[in-house]
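Asker: Protein chains in written order, with my numbering: chain A, 1 to 454; chain B, 1 to 295.
Calculated from the structure, these hints are not laboratory results. Among the hints, erroneous ones may be present.
As the list claims (entries may be wrong) - Which chain B residues stay away from chain A? Per the calculated CB distances, all over 10 Å, these:
id : residue
1  : Leu93
2  : Phe105
3  : Ala179
4  : Glu235
5  : Leu276
6  : Ile281
Unchecked claim - Below 30 Å or equal to it, Euclidean Cα-Cα: the simulated DSS-like pairs (lysine-lysine) are:
id : chain 1 : residue 1 : chain 2 : residue 2
7  : B       : Lys115    : A       : Lys413
8  : A       : Lys265    : B       : Lys140
9  : A       : Lys98     : B       : Lys115
10 : A       : Lys313    : B       : Lys282
11 : B       : Lys115    : A       : Lys82
12 : B       : Lys140    : A       : Lys181
13 : B       : Lys140    : A       : Lys416
14 : B       : Lys140    : A       : Lys286
15 : A       : Lys413    : B       : Lys140
16 : A       : Lys416    : B       : Lys115
17 : A       : Lys62     : B       : Lys115
18 : B       : Lys115    : A       : Lys321
Said to hold, decoys possible - Which chain A residues stay away from chain B? Per the calculated CB distances, all over 12 Å, these:
id : residue
19 : Ile61
20 : Glu63
21 : Tyr143
22 : Ile226
23 : Gly237
24 : Ala302
25 : Gln310
26 : Lys398
Just so it is clear, the structure is predicted and the values come from calculations on it, not from any experiment. Even glycine gets a Cβ: it sits at the ideal position worked out from N, Cα and C.
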Amino acid sequence: MQKKSKLLFVLGALAVGIFLFSFNADAKPSITIHNIIDLTGAYAPIAIPSEKGGKDYLAWIKEQGGLDVDGDGKGDVEVNYKWAEFGNIDARFMSAYKRFRMGKPKPTIIEMWSSPNQEMIKPIVERDQIVCYGIGFSDPQLYPPAWNYMDCWSYGESAAGAIEYYIDNLWPKRGKGIKAKVAHLTWDTAYGRGANEPTKMHAKKTGKYEVVAERFCTFMPTDPEIMGFLSDFEKQGVDIIWSNSIVQTPAVIQKGIQKLGLANKMVLMANLWAPADQLLDIVGPKAAEGYMCPQPVFIPAAEPNEPGVQFAKMLNDKYRKDPSLPNIQYMRGIRMKANILESVKRALVGIMKRDKVDLATACKKITGKDVKELGIQTLAGYTAHGTTSKYQSAPAGKDDRRLANHDRLVGIKNGKVTVLSPWYKVPRLIPDNMVAKGLFKDEKININYVPVKK
Amino acid sequence: MEEIIKSIVLGICSGGIYALIAVSYVVIYKSTRVFPFSQAAVLIIGAYIMWYCTIAWHIPIWLGFVITCAGGAILGMFVERAFMRPLVGQPILAPIVVTLSLMLFLRGVGILMGKGDVQGFGESFLPVGAWQFGFLHLPKIQIYAFLLCAVIIAALILFYQKTRTGLGMRVVHEDHVVAQNLGINVKRIFQYSWIISCIIASIAGMLLGNIQGVGLALDANGIVAIAAVLFGGLESFSGAIVAGLTIGILQMLTIAYIAPLLPGETTMMVPFVFLLLVLFIKPYGLFGLVRIERL
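The following block holds chain B by itself, in its conformation from the complex (with noise of 0.2 Å):
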């Protein structure tokens, strides 16, 4: 039982952030229906600004923080004019190539910005040790990761429910020609959806980068947040959030029970595994919408 507790609690401290990324992906999918598999490489554009700003440039980490994030959102501006705009109206396959493409080509910024090093944060910008509740030993830099996930999934969420944008972006998610015909600017929706899923993406990269070093493999915990978004539905906020956190527990339980008993790594096998075994009884993801075209 203890195992299961400690295993379904740390679980619930990494899966926080396969959330907070999942739920980049879903910021934009649900307003430009394009599936940005860019944002995988974003973690780790993220994570070299905050390495630069913290330990390069010894800059304090709020302003760090600003900065990564200015620079995901100025980042997120830019992927949308220079290659996302031209696709508006294009065939599906055209914007998958291009955020594929671009995946690969901000992987190369990567390995320019970090010049192929793997860096660190040295003592960590969050506090670090643990606390100790009885058996359970809770990470601190973990728990701050997970409140500060908590946090930003939250204000998003209240973006989108209280202001007006939010509105627009919701709308937009229905349909882009009804959205157009209210006098909403779909186009600089598409431009919001890229730079708020971009600074969402960043933060999660410093956060990862605080904990996992700051390299290109980070871009690992991207694709096994496509997992998640894939798990949860596409079109779904609190889907993302509860395949994030399923995610994280289905590791941690898969470390704690079937890694004694197989021959491998299973940890990143068992969310693809999961995966197929949900989109085989649910095809859209556990929350996600189920289209229905009248012919």
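Bound conformation, chain A alone (with noise of 0.2 Å):
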């Protein structure tokens, strides 16, 4: 009885075996994608809000049956999502690579979280061949250009683009042949530095603007602290306040313009980072008042029927039924996940012609060097399920490697999320030095904001 038992039990086990083993070689060919994220540090407040947009984008490319890849409808490729989390700790970010790296399969592209380690990491991912899909847009992550990729634009060129347009359409003194005078007060980091150097570059080429000041602040300053440099601003006629932080920043200094009644002597702009659905819902309208930043998607408070802010609710209301969402972050979320993957199913459609391969074989030889060439250097005009706009045309040039040359400036009118300008490309910001060395040839140059003409 007892052997007849043991029999039976293995028969029952090699029949779950075979079963398992038939089951996987009808699934469907796959492909990985990774992210480091920071979800516990510094840039968590901005990190946690886009991840629930990117999983919720994930889960609905999961349901759809995969990645479609042959535009039929239907899912061709499953997606395995690979993540690490760092805290903002460098050691722990290099680990997560290492681990990756050393992982098979073998990353073609990570998505990564933080200036500081994009640029750290410059070398290392040319050197594997591996494509950084960053979230940190400072200058030396794109010049020289190598594999480092970026979200959107620059820093410098998002704040010289939303300033000068600011002076030229919004500015009360506009029209009177003066100088505005536009202070830094930011973090002491690589990325709070983003802006400084590009700004400054930009208002000597257009003379429209002057930096008068660079001043520092905590990561999480107090009142009296901001209210120190804002007096320090008052005494030196300062118009525009630049902040490249993120929004719990911002929203002290905006606090503390209000409180010391300069809100008719200065504005408070900020990057993309410090959206103002987020700002209004620290502060309040009314201290939010005045408040810009500029964005390169559509805005889900302001634009509740753009077809990319629909989408977003769609996932939302299937995935997450969170009240508060879509906001800015949750459309940038999706946007990058459907960037990345946008950029492996172009390199696969690549593969599959350049080597007359099935979409099987073009999922396992897929390297970074084909998401790199055949993906992502060709996204120029993809709105990512309309979450941003057609007129997105980078990369604009073969050494470019940006995702985003148009923005839009966003504010706080009136108590409520407003767009205050049409889409406009931002100004190029190459640095002299890389143009001399023969880079860039391919592409325009406009030194000034371009607004679209529809």
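Both chains come to you apart, so use the hints to assemble them.
Answerer: Printed below as a string of structure tokens:
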């Protein structure tokens, strides 16, 4: 009896094994994308809502049956997602990178969070031939061009575009031949300083403004700390404050401007990582009034009927049902993952054509070089499910590593998130020595912002 | 001159909260001789409790304040009973490591509570705007926060001087064995210390959250307050108050006079440079007790 049951057990195990094997044999080909994200460190306030958007998008792709490569509306390739949390600690970042690089399959494209880490890893991803899809947009990553791609334009370009647009179109003293005075009040990090030098260069070239002060505050500044800086700016006659930080810092600056009664003397502008909707939640409509930031995506609070916003709403309704979503960060999270998957998809199509192989083989053969050359480098004009404008025409040349070059100015007006400008192409601030080296020859360089003519 | 006066006044305003946090460290150290690094993270917990009460659950502010204090008290009781009491009599390194670990643990709790997002109190639960006295702009929110800190510190000092438990705490501070011989329940005093300290840190957290936004980075204020405690002397309330205010003033003077000259962020660095100088001259801090051992 015992022998019989043992035999039955072995046969049963064999049957299960054969079933699983046959199931695997029929399984779809798969690709893997990677992410080294900061969910608990300084970048958590922006990473978390973005990742919610990204995760919901991946869930939707899975529900579609995978990544649709042939365009027939049905999923063809299973998407695996590997991520690591690094808490904004360099050692953990490197450890996660090493783990991914040594694992199987070898990464082709890795999403990375923070300028300092992306700058640090630039020569390493180049050596390993892995595309870095970065959410930090500092100049050292762009110049000289390598394997670091950036979700948007550079910090300097975005700041320059926003400041110049404001001076030309919204500044109360416009048209009087006065140069605006700009002060940077930001973090003392590679990220915080990202816009300082490029805006100085832009100010010099355009002659429309001058950077009169650069001051550095703590990550979580106190009221008196900020008020000390604001008093200094008031004395210097500053018209515009630019902050390359994360929403908590502009929140304190904005409150300080209102408290000191400086709202009619100076405005605060911050970069895209301090979205107007988040700032409004933190400081309330009264204190937020007048705040501005440029954004490369459509704005859920202001444009609920835009197709991209509708798509984001559908994802949230389906997978999350969070009443506070979609917000700007959620939209950006969707766009990031959509850009990554579109790059992989284009690379797979390119490999099939180039090597005359089927999809399963292409999935096995795909390399970082394929994703770079056949995928991400070709994304100009891709709207990522309508989350951004069709005017985004980056990468704009073979040396361009940006994935956006258009912005709109978004702000708080009458207590509401409001779009304050049309889409405009940001100034292209390539350092002169790069042009002298013969790079970026195939691009049209604009030093001023260029509004889109519909 | 205007600039100096402005810096001093604003510095006193922000130093009030540093002093309050510093006092929360001193309360525990005075009775247990354990330096509670974890209090930096209690700031985060206090801020999130108040945020949940007033913003997420729409509870009246006064009730939110009471709930936050109660939350702090429960947290203090739990920490003492679960983590610190088993370490009584153990080598000093053990409780230090535990309070450091607790700091990380409470940060983790903060991540769970806030889901990593930075939150805010919207229009603030304290009056906004500023009073203007000539060239001086005094932010109301900061003045009210300062006054609240002053009242809490005064109440604590009265508690220490006028109540039986306060007297017991002072005896425990002098000598644990003597206190036990006098019939004082030393373990209970330890527990009271943790409860009081966590209530104070929770209040400081909610005040800071109201000014800076509610997020994980609030614990940076706790780190600055550590400099204040060491600078003032580990066992001294008056030292903590003077040191907290001094650090606030120093930060403001730095912004006014040193920041324009140096190409980087200096406000966080200054308290620690100053601390180094003070410890070089007075190793026990400004008001710390010099312990002399008879060999």
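Asker: All the hints need checking, so say for each whether the structure fits it.
Answerer: Hints, verified against the model:
1. Leu93: For Leu93 (chain B), whose nearest Cβ neighbour in chain A is about 24 Å away, the distance exceeds 10 Å, so it holds.
2. Phe105: Holds: least Cβ distance 13 Å, greater than 10 Å.
3. Ala179: It holds; Ala179 (chain B) is separated from chain A by about 39 Å at its closest Cβ, greater than 10 Å.
4. Glu235: At about 27 Å from chain A, Glu235 (chain B) clears the 10 Å cut-off, so the statement holds.
5. Leu276: Answer for Leu276 (chain B): holds, closest chain A Cβ roughly 19 Å.
6. Ile281: holds (27 Å)
7. B:Lys115 to A:Lys413: holds (29 Å)
8. A:Lys265 to B:Lys140: Holds, at about 21 Å.
9. A:Lys98 to B:Lys115: Holds. Lys98 (chain A) to Lys115 (chain B) sits at ~28 Å (cutoff 30 Å).
10. A:Lys313 to B:Lys282: Given that 30 Å is the threshold and the Cα spacing comes to 62 Å, the pair is violated.
11. B:Lys115 to A:Lys82: Measuring from Cα to Cα gives roughly 21 Å; hence the hint holds.
12. B:Lys140 to A:Lys181: Holds: Lys140 (chain B) and Lys181 (chain A) sit about 29 Å apart, inside 30 Å.
13. B:Lys140 to A:Lys416: Status holds; Cα separation ~25 Å.
14. B:Lys140 to A:Lys286: Measuring from Cα to Cα gives roughly 16 Å; hence the hint holds.
15. A:Lys413 to B:Lys140: It holds: about 25 Å lies between the C-alpha atoms, which stays within 30 Å.
16. A:Lys416 to B:Lys115: Roughly 25 Å between the alpha carbons, so the hint for Lys416 (chain A) and Lys115 (chain B) holds.
17. A:Lys62 to B:Lys115: Holds, at about 25 Å.
18. B:Lys115 to A:Lys321: Within the cut-off at roughly 16 Å; holds.
19. Ile61: holds (24 Å)
20. Glu63: Check passes; 24 Å lies beyond 12 Å.
21. Tyr143: Tyr143 (chain A) is indeed farther than 12 Å from all Cβ atoms of chain B, at 22 Å.
22. Ile226: violated (9 Å)
23. Gly237: The assertion about Gly237 (chain A) holds, with a minimum of 15 Å to chain B.
24. Ala302: holds (20 Å)
25. Gln310: holds (24 Å)
26. Lys398: holds (36 Å)
The earlier numbered hints that this structure contradicts are 10, 22.
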